[in-house]
Each structure stands twice: as C-alpha cells, then as structure tokens.
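Visitor: The lines below spell out each chain.
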Amino acid sequence: MINYWSAGIYPRNEKLIESTRSYDKTLEKQFKKEKSRLLKIQSNNKLDYISDPLIDWDDNLRPFTDNLRGIEKGPLTRYYENNTFYRQPIIKSKLGTTGNILKNNVCFDLFTSKSKVKIDILDPFTFYDLSANEFYKSEEEAVNAFAEIIKKELNSIKRNVQLIQFNSPSLARIEDIDRLNMVKKAMEKIVKGLDTKTCLNLWGSDISNTLEKFQEFPVDIIGIDFTSSNVDKFDKIEMKKGLACGLIDAKNTKMEKSSVIIRELKNIKKTFSPESLAVITSWDFEFIPEPFADKKLQIMKQIKEKSKMMKL
Amino acid sequence: MKRFPLATQEIGSIRKPRWLVKLLQDKNVSNDVKEAARSDVALLNLKLFEDIGLDVIYDGEARRVEMYEYSIRRIEGLQLAGKIRSWDNKYYNKGRCTKKVRYTGPYHVDEFLFVKENANKMIKLPITGAYTLADWSYNEAYKSKEDFTIDLAKKVIRPLIKDLVKTGADFIQIDEPAATTHPDEMQLVVDSFNESIKGINAKFGIHICYSEDYSNMYPEVLEMKNHQYELEFANRDSWNKGTSHSNRNGYESFLKTFKEYGEKKEIGLGVLDVHVDEVESPELVRDRLLYAVKMTDNPNLIHVNPDCGLRTRSRETSFAKLKNMVIGTEMAKKRLGL
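If you read the sequences in order, they're chains L and F. Our numbering applies: residue 1 is where the first sequence begins, and numbers increase by one. Our numbering applies: residue 1001 is where the second sequence begins, and numbers increase by one.
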C-alpha cells in the first residue's frame, strides 16, 4: 500500500491575501475557517496523513524566530533559490524555548479524531543553516542547541501526532561525511524516546551520492525530491527504511499525469525496494497558487486510486 | 556617455499616492482619466526627484503595476497564474509560460516619451530582464530553462530595447533581481543579457538585489556587456558610521572581488535599505561612499542609489531617504575634494 501526504506551507487564497494586506480584524477567524476547509480537502483527496496547512505562518521559521529565547529578527533573506524571502533568525545568546511553540502555532483543535496527523518541522541543521550564528562557537554546538529545542517542542505535542516530518533542504545539500555524522548524532538525541514515526524529507537537491549515509539516520522514512534527484542516477539498493517520493512538483503549475507518476513509482520500487512507499509533494505547496495546489491534490487522489487498482 | 563621480540616481519604483490607487481601482472612472492621473503622478515624481537633487531620474514607475507583472501582461505566450508570496504578507502575481514567447509591440515607449519631454536631468529607463522573467515564471512550454530564457532575450527583450533606443533612450537599466538566485546559472544570466542588447548602442546597467554574495557572479560576469551594476548592499550593512571594514561589512566582500578582477565598470552603490522605515543619516551615506571609493580607488566608478525600488516604503519615508542620500553624497564629494 502506498501512502500519500502533502508537505509544509499551503498557499493562501486570494481573499485571504487581501485580508492580510488590509489587516482585517476578522483575520484570525478567516485563517481558522480556511484551515478547516484545507484539512477537509486533504481528507477528501484521501491523503493518509493530514497536516496543518500553516497558512498563518509568515515563513517556515517564523514562529520560532518570534518565540525562541536567544534569537533576534534579522534581515529579509532569500529562501534558497526561490523568489521568496524569510526573516533570518540571528542567534544572539543561548537558545531556549518554553516548549509551546508548536503547541500554540499548529491547529491541533481542528483535526478530527479520525485524522492521522503529520507535523512539519525543520531539522536542526536546516534551522542552523538558515540562521546567522553570533553566539555559538561552532556549527556543532549550534546544531545541538537547535536539536534540544526541537526535542522539547516535539515532546510536548507527540501524543497528538502520528508522523513527524523533518524538512531538510539544507541538510540535503551536505556531502561531507563528518558533517553528516554530526547531524546524525543531533537527530539521535531528538528522536530518543519520541516513539512516533519520523520522516527525513531531503528537499531540493540531488542526494544520489549521499543516500547511503542518510540511511543511517535514525528515522523511519527518507523523503527524496525526485524533481531534483533523477531516479536513474541511483544505484539499485535494498532500502532499510520507507521511501517518501517527492513526485508531485510543488514548484511548477504544469500538471502531473497520473500514468507517468505510476510508471515512475514502478521504477522507484524496483530501484530502491523500500520497506514502504509514499507519494508526497516535492516542496511546500506555497510556491504555486492555490487553485493549482488544489488540482495537484486531486491528481494525488487519482494516482492513489489507479495504483490501488493496479495493486502497486 | 560622460562619466561623473558619485552621480545620484533612483532604482525604479516609488509607492503610488493613495488617491491614485483609489482612483485606479474605481470602475466608474474612465481609462482616459486614469491615464491622466498616472501622468500627473509621473510628473510629480520627476519634479520631486529633481527638487531633491538626483542626477539621474525616471518617473518612479508610476504607470506600472509592478516590474514583473507589467511585462508578463504584455508578452505573448505568458499569462498570469496567480499570487505567490514574496515575503510575509507581500505577494506578486506569478506568470506561466504556456507557449513559445513572442514580442507583440513596444511597452514602456509611451512612458519613456513622457519622461523625455518633462525631465530636466539625465534619464535612466528600467526594464525587466529576460532571466528574471524566466526564473520567476513557471515553464510549461520549453524543454529547458535555457531555451526559455534565451528565447525571451532574443525574441522579446532585444526588439523592445531596439524600439526604446529608437525613441531616444540612451541609458537602460535591465532589472535582474533573480540573477544570483542560482549561482550555477550565472553563465545563462550573462548570455541572456548579452543576447538582449546585441547590436544596440546605448549605456546599459544591470540591477541585482538580495544576493547571498555578489562575488559569486565572478568570473562569468566579466563577459557581460553592461556598463554599470546597480546593487543592493545597505540591507546587509551595519548602521555604524565609519569607513573601516567592520563597519562596512555589507560592502567589503563584493568590493574586494571587484578590485581583484580589475573591473572598470561603474557600480550603482545601494546606500539606502528599502525594507526599513529608519532614514539613513547623511553621515552614514557619506561613509558608505567613502568606503567604496577607498576600496576601488576611483570615484568615477561609484554611482549612488537605494538598494532597490522604494515602493514598499511610504512616499514620505522614500523622499526623506533620497534627500539624505543626496546630502550624504555632497558630504562625500566635499571630503574627496570633488
């Protein structure tokens, strides 16, 4: 059986965009209403894990930038190769958290009791890489400080969550084994005692040279962005983990054909022989306008139905 | 074109007055009235820039919705897909390319003729470049981004520039804010720029902003046939006065590389942060300029501008910033005996 889910921040619809620009007094209510609608859309399109569309987050780091102790807001900074910018966190002193940032910024009150809930959070290296470090003496020290923060945050919500997805675009770029080992150790500290299914989602880079190393990471599923990594570049291997395939291009309005994706899935299954298989979006959906994201979710549903029929 | 040291200039957009935005949104107002109102604001911007004392001016892009969308709406093969976040609550309308692109006639010509008729200073005309148009659009029609970008350069931007030069434009700033987004695509940025201006005689600048490190443009950018770089720096610089490397940390890396490669092109030095309301003091502007002159050993290479268009700030803040930019430049000139 193949699982399906979407990742990260969902695009705001036109009405919501206008409301955020005019600082509409009913904005909070509108966010809540729209989040409920988007959760329903995820359910209707038969996604196996449902996640907060995070439409009220100004960027992937903002709730942490705003609420972590030791952080000051820095300049607007380009978010990887996108024409989208985030407010860079500047580490000024020892990092600290109340452990309530996710609790207060994810819509746990809107999930139904039937929902299998997925939570998105950056891995500690990506947090570090997107920040400016003016306090910690080494990369390792800063990564470990973020790992402690993430652990505390996840421990406070883990009872309500069935899948934790670490979104890791910066980590996906690393090829140096010593640095990967350092992050692996930090991840081990995070997941120790967590007892929740985890996915390390390696967005935005070709990881054909480093997949073997990532297999040693203490997570249940590895996510590969197949819009950046070509399947043919990987050697045939026996994966010891689940594989989440970023086959739905969240950065292009061109619609996927379900038949093409199914062919890709067959090829992927042959190449990786993973313990489990999932189809996911390649990045946050917020890089395409809302109507296109909606259509892509419908395509995911079609793929699910077809692959079920074909007993893939 | 004559070179003169520390010439002050605008980069592009200035926020439209509230009354104009309201009028443009009013469905009961005729297009003629709207066009006349746009002309009023273009003229107002020109005269305000002249009064402030800028040496090189344009109309604050009073007739354009936004630098990218304005072009997308006028190029065959491109259409708007919807809104995408730029940052926080700021969004832009992103285009998609659904068939091969085609130039269907000049845009910017009428606005340029109006500026030419009314300006008493040197004119610099900003247009959006091929690479940025391709990078910011979804490509559904071409096999590769390279094919898409070069086709835009040859078939749209080059004929547009030819038409603009025919009407008298002699200094064109090609806006390429996406230029350094993908460091491994710098050759494509250079090739598309050179294709866009091929065989055309005018002064050309390239405006780039919010790069992680402009030094990544080298060595490829040496082949670019531009005469000026207009770059953002203030956003990343400290607000401390002084001309030491530590005080001018936002400028140091690029200026060192610029010197190392023996560059002789002009730099339009971004001295105003367009994302904050705080107004830079004339002394801070002065020190940023003195530092750039110290690093390049040639004041003729340094021109002075904000980091980017000022449209995200209020008009009051924008003009206050520009005023201090001009005062700070005069202070720097005095210090340098220019």
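Keep in mind the hints are simulated off the structure, nothing from the lab. For every residue, glycine included, the Cβ atom is placed at its ideal position computed from N, Cα and C. Each hint should be verified, as a subset may be incorrect.
If you want the footprint, here are the derived chain L segments under chain F, 3+ residues with CB under 8 Å [said to hold, decoys possible]: (1) 14-25; (2) 71-80; (3) 127-140; (4) 284-297.
Visitor: Test coverage of the region 127-140 of chain L by chain F using CB-CB distances below 8 Å; three residues minimum.
Guide: The restraint on the region 127-140 of chain L is violated, since only 0 of its residues have a Cβ under 8 Å from chain F and three are required.
Visitor: Please check whether the region 14-25 of chain L has three or more residues whose CB lies within less than 8 Å of a CB on chain F.
Guide: It holds, with 4 qualifying residues against the three required.
Visitor: Test coverage of the region 284-297 of chain L by chain F using CB-CB distances below 8 Å; three residues minimum.
Guide: With 7 residues closer than 8 Å to chain F, the region 284-297 of chain L meets the three-residue bar; holds.
Visitor: Against chain F, does the region 71-80 of chain L show at least 3 residues with beta-carbon separation below 8 Å?
Guide: Satisfied; 4 residues make the cut.
Consistency with the previously given hints fails for number 3 only.
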